Amino acid sequence: MNKVDAPRWGHACATILRCAASDIDVKGPWLFWSAPPSPALRGSLERHGQLVPILVDAGGARPVLVAGAARAAILAELGREVLCLDIGALSDEARGLAYVQSNADRELTDGHLVLAMRYFLSLPGCDMESVLEALGLDARSKRLRLIRSWLRLPRRWDGLLCSGAVPLACADLLETFAPEDLSVLESLFATLSWSRGNAVNVLTWIREVCARDGVKAAAVLEGLGETLAAGLSPKDTMSRITQEVRRLRYPMLAGMERDFAETARKVSAGTRWRVTQPDLFESDAVEVSVRVTSAGELRAAGAELVRMAAREDLDDLFPVVRK
Amino acid sequence: MTVLPTHLQGISRVVVDAAVAGSTIAARVRERLPHLKQETLQEGETLAAGLAREDILYLKRYRGRFLRHCPGTSHYRCCGYQIVHIGENCPLRCSYCILQAYFQDRVLKVWANQDDLRLELDQAFHASPGRRYRVGTGEFTDSLVLEALTGYSRDLIEFLGNYPQVCLELKSKVVDLSWMDAVRDPSRVLPAWSMNAPDIVDGEEQGDCASLEERLSAARTCAQAGFRVCLHFDPMIHFPGWREGYARTVEMIFDHLQPEQIAYVSMGSFRHMPDLKRCISENFPGSKYIYGEFVTGLDGKQRLLRPLRVEQFRFLADALRRGGVDRQLYLCMESDEVWQAVLGRTPADLGGLYRHLMAQAFGEEG
Numbered sequence: 001m002n003k004v005d006a007p008r009w010g011h012a013c014a015t016i017l018r019c020a021a022s023d024i025d026v027k028g029p030w031l032f033w034s035a036p037p038s039p040a041l042r043g044s045l046e047r048h049g050q051l052v053p054i055l056v057d058a059g060g061a062r063p064v065l066v067a068g069a070a071r072a073a074i075l076a077e078l079g080r081e082v083l084c085l086d087i088g089a090l091s092d093e094a095r096g097l098a099y100v101q102s103n104a105d106r107e108l109t110d111g112h113l114v115l116a117m118r119y120f121l122s123l124p125g126c127d128m129e130s131v132l133e134a135l136g137l138d139a140r141s142k143r144l145r146l147i148r149s150w151l152r153l154p155r156r157w158d159g160l161l162c163s164g165a166v167p168l169a170c171a172d173l174l175e176t177f178a179p180e181d182l183s184v185l186e187s188l189f190a191t192l193s194w195s196r197g198n199a200v201n202v203l204t205w206i207r208e209v210c211a212r213d214g215v216k217a218a219a220v221l222e223g224l225g226e227t228l229a230a231g232l233s234p235k236d237t238m239s240r241i242t243q244e245v246r247r248l249r250y251p252m253l254a255g256m257e258r259d260f261a262e263t264a265r266k267v268s269a270g271t272r273w274r275v276t277q278p279d280l281f282e283s284d285a286v287e288v289s290v291r292v293t294s295a296g297e298l299r300a301a302g303a304e305l306v307r308m309a310a311r312e313d314l315d316d317l318f319p320v321v322r323k
Numbered sequence: 001m002t003v004l005p006t007h008l009q010g011i012s013r014v015v016v017d018a019a020v021a022g023s024t025i026a027a028r029v030r031e032r033l034p035h036l037k038q039e040t041l042q043e044g045e046t047l048a049a050g051l052a053r054e055d056i057l058y059l060k061r062y063r064g065r066f067l068r069h070c071p072g073t074s075h076y077r078c079c080g081y082q083i084v085h086i087g088e089n090c091p092l093r094c095s096y097c098i099l100q101a102y103f104q105d106r107v108l109k110v111w112a113n114q115d116d117l118r119l120e121l122d123q124a125f126h127a128s129p130g131r132r133y134r135v136g137t138g139e140f141t142d143s144l145v146l147e148a149l150t151g152y153s154r155d156l157i158e159f160l161g162n163y164p165q166v167c168l169e170l171k172s173k174v175v176d177l178s179w180m181d182a183v184r185d186p187s188r189v190l191p192a193w194s195m196n197a198p199d200i201v202d203g204e205e206q207g208d209c210a211s212l213e214e215r216l217s218a219a220r221t222c223a224q225a226g227f228r229v230c231l232h233f234d235p236m237i238h239f240p241g242w243r244e245g246y247a248r249t250v251e252m253i254f255d256h257l258q259p260e261q262i263a264y265v266s267m268g269s270f271r272h273m274p275d276l277k278r279c280i281s282e283n284f285p286g287s288k289y290i291y292g293e294f295v296t297g298l299d300g301k302q303r304l305l306r307p308l309r310v311e312q313f314r315f316l317a318d319a320l321r322r323g324g325v326d327r328q329l330y331l332c333m334e335s336d337e338v339w340q341a342v343l344g345r346t347p348a349d350l351g352g353l354y355r356h357l358m359a360q361a362f363g364e365e366g
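Protein chains in written order, with our numbering: chain A, 1 to 323; chain B, 1 to 366.
For reference, chain A alone in the conformation it holds in the complex (with noise of 0.2 Å):
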C-alpha cells in the first residue's frame, strides 16, 4: 500500500519512496525554521528507526526537501536511507505552505512567525491571504502589524527576536530608529534577554532621548558602557541600564526621587517605619507605612514615629513645597 491521502495543494496521488540522505536536497528557503536536531529525536530514529516519512518533491534530477529537515539531518549521520513521501511539483509558495502545515501542532513564537513572513514576503505574486490563515494570523491584529514593523528591520535582528532577547512589541519602536542607532542597539540586547516591559521603556526612553537633544543612540549608551562591561550579573545589568537610561530621559524626576530616598532613608534610619512618595511630586503627600505583628511592636512603632516627628530635617521631605 503506497496510496496516501493527496494534499490539497499537490498531485492526486503522492507517493512513498526510499532514498540515500545525501541524495536529498535540503536548501530549501522554506525550510525557515530549521534548528538543529533535538537529542530526543535523534535518540528515537537511533533506537525505533524512521516512523514519519519526510516531505520531498521528487519531480527533478533530486528529491527536494519539503518537510523534515530535522529527520533529514540525523539520518544523513547515520548513514540510513530515508523514508520520503513525495507530494509532487509544487511551487515555493506551496512548498512553504507544505512545511507550515507539515508544523501545524507546533506553537508559533514572533519568531517562527517573522521568519515565515520574510519568505512568504519574498515571493512574487504570493497568496498572503492563504500565508495568514496557514500562520493563524488575523489580518488586523496588532500581532500582524508588529510582525509587519519588524520586517523593515535588518534581517539580522531576527535571530535576537527569536532567541528572546528582543520581543516583538518593540518592533515599533525599533523601526523608529535609523540604522546606524540600531546597530549600537544592538549592544543592549547581545547578551541580555529583556522583559517586554523594561525593553519598551529603555528604547521609548532612549528614542526620546534622541529625539529631544537631537544626538544619535550612540550618543545616549556613551555612558552606558562601563555598566555592559561591570559584569554584572543580567538582571543587575539591565536594572542599572534601565535606571540610567530613565535618569537621561526624566533628569528632573530621577533627581527628585534620589533626593527624596536619601531623606527617607535618614529620617526613618532606626526605625521600622516606611517613608514614600506616591504620586511622581504630583502632590505634596508623603507616605508613612509601617507592619506590626503585635501590640508590642506597635507600641514601639508609635515611640519611633515620635522620634521620627521631632527631627528638623522633616522639611526636606516636601521638595516642590520647600522650593
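Incorrect hints may have been included.
Stated by the list, open to error - The calculated DSS-like cross-link candidates involving lysine-lysine, where the alpha carbons are at most 25 Å apart (straight line), are:
| # | chain 1 | residue 1 | chain 2 | residue 2 |
| --- | --- | --- | --- | --- |
| 1 | A | K142 | B | K277 |
| 2 | A | K216 | B | K288 |
| 3 | B | K301 | A | K216 |
Stated by the list, open to error - Between beta-carbon pairs, the in silico distance windows are:
| # | chain 1 | residue 1 | chain 2 | residue 2 | range |
| --- | --- | --- | --- | --- | --- |
| 4 | B | R243 | A | V286 | 25 to 35 Å |
| 5 | A | S233 | B | D202 | 43 to 53 Å |
| 6 | B | Q123 | A | V286 | 46 to 56 Å |
| 7 | A | S233 | B | G300 | 55 to 65 Å |
| 8 | A | V286 | B | G300 | 36 to 46 Å |
| 9 | A | V200 | B | D202 | 30 to 40 Å |
| 10 | A | D259 | B | Y102 | 31 to 41 Å |
| 11 | A | E297 | B | R243 | 14 to 24 Å |
| 12 | A | V286 | B | R184 | 49 to 59 Å |
| 13 | B | T73 | A | D315 | 50 to 60 Å |
| 14 | B | G300 | A | R299 | 38 to 48 Å |
| 15 | B | G352 | A | V286 | 20 to 30 Å |
Since the hints were derived computationally from the structure, they do not count as laboratory data.
Given the structure is predicted, the values throughout are model-derived calculations rather than measurements.
Built from N, CA and C at the ideal position, the CB exists for glycine as well.
With chain A held as given, fit chain B onto it using these hints.
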C-alpha cells in the same frame, strides 16, 4: 463673491443630512461655497467613520445634548464652564490639539439643526430662574473658525441676547469680528483668544491661525467697542527659551490692552492622554516639547513634572501681575497645591472658582 479666509479654502466636499438640507446654515454654506455641490445623506445613512480628512464639511442633524459641562477631570480644579456644543473639529493645525486624539475623524462637523439647539437652551435657561450661565463654544471646535461659512456665532449671539443671565465666550485663534454688530449688550459676550509664546504660535500652530499681533489687535478692537476680552494661555509649552517667549507675549498683551479690559486669563500646562503623544509624534515629528518631563498625574493624564509647571506658571503670573492683571488669573485643571504655589491663593479663597469666574464674566470684580 466674498473671498473666504485661507483656512476655509481647503474645503473640497460638503455633506449635509437631509433633515437639515433646508436649514439656514445649509443655505449659507451653499451661498458661500457655490462651487461645491452639497451631497445629501438620507435618514439612516452615515458618513463613513474614521475619515482622516479636514477638507470635508458635514452639516449634521445633531441628536445629542447641546448644553454640556466641560469634561474636567477629578483631583484638579475645574472652572465650571459650560459648553454650547455647535460642532466638532477644526481646520487649523495646532500640533498640541487634543481634538486629534479626542475624535475618531477630522471631518468638520457643524450641528445645523439650530432650532433644536435653541429649544434645548431655552428650556435649560428657563428651568432655573435666577441662575447665571457662563457658556462657550470653543471646546470641541474653534468658536469662530467656520464663522465666515456658517454665521453660527452671530446666530447664537442674537438668540442669547434674549437671556441676560447668560454670558457667552467665543474662544478662537482666528480673527472674525463679523458677529460684533449682532451684540445687544457687550457685557454678555466675551471674545477670547488663545495666547502662547511667539515661537509656539509660529512653530506649533501650523494652520492659518491669526498671528499673535492680529489676535491682540482684534482684542483691542473688541475692547474699544465695549467688550471685555479673555486670554487663554493653554497649553503652555515647556521649551528652550520659554521665559523670553512668554515674557514677549505678555509685553504684547499690555501693548494692546488695559488690565481692566481683560475679564480673565487662564493658564494651563500642556497635558495629554497617551494617545495624543502618539498623534503628535506622527503628525508633527518636529514637535519636541512632547519629550519634556511628563509624568502621570492624579487624573491619569500626562502632565509636566510639578516643579517645572509651577515655575512656568509663576513666571507668567508674575509678569501678568506686574501689568496689572491679578484677580483675573486662574489655573485650568490644577491642584490647590499648585494654585497656592503660583498665585498664593486657592479657589476656596476666591469663594470657589466657578463663582469667581462667573463674577468675573459678568463684570462684578475688578
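Exercise for review: Starting from the hint 55 to 65 Å, judge whether the C-beta atoms of S233/A and G300/B obey it.
Suggested key: violated, 35 Å
Note to self: Against the range 38 to 48 Å, how does the distance between the Cβ atoms of G300/B and R299/A compare: consistent or not?
What the structure shows: holds, 40 Å
Practice problem: Mind checking the hinted window 36 to 46 Å against the Cβ distance between V286/A and G300/B? | Solution: violated, 22 Å
message: Quick check on a hinted range of 31 to 41 Å for D259/A and Y102/B, using CB atoms only.
response: holds, 37 Å
Notebook entry, point to check: For the pair Q123/B and V286/A, does the Cβ-Cβ distance stay inside 46 to 56 Å?
Noted result: At roughly 50 Å between Cβ atoms, V286/A and Q123/B fall inside 46 to 56 Å, so the hint holds.
**Asked** Taken at face value, is the distance from the CA of K277/B to the CA of K142/A at most 25 Å?
**Response** holds, 19 Å
Exercise for the section: Look at the Cβ atoms of R243/B and V286/A and judge whether their distance stays inside 25 to 35 Å. Expected result: holds, 31 Å
- prompt: Do S233/A and D202/B keep their Cβ atoms within the hinted range of 43 to 53 Å?
  reply: holds, 51 Å
- For the pair supplied as a hint, K216/A and K288/B, confirm whether the alpha-carbon distance does not exceed 25 Å. Satisfied, since the Cα-Cα distance of roughly 15 Å is no more than 25 Å.
Q. Do the beta carbons of G352/B and V286/A sit within 20 to 30 Å of each other?
A. holds, 28 Å
Cβ-Cβ distance between E297/A and R243/B: within 14 to 24 Å?
violated, 53 Å
- Consistency of beta-carbon spacing, R184/B to V286/A, with hint 49 to 59 Å: Given about 55 Å between the Cβ atoms, the range holds.
The structure fails hints 3, 7, 8, 11 and 13 (numbered hints given earlier, in ascending order).
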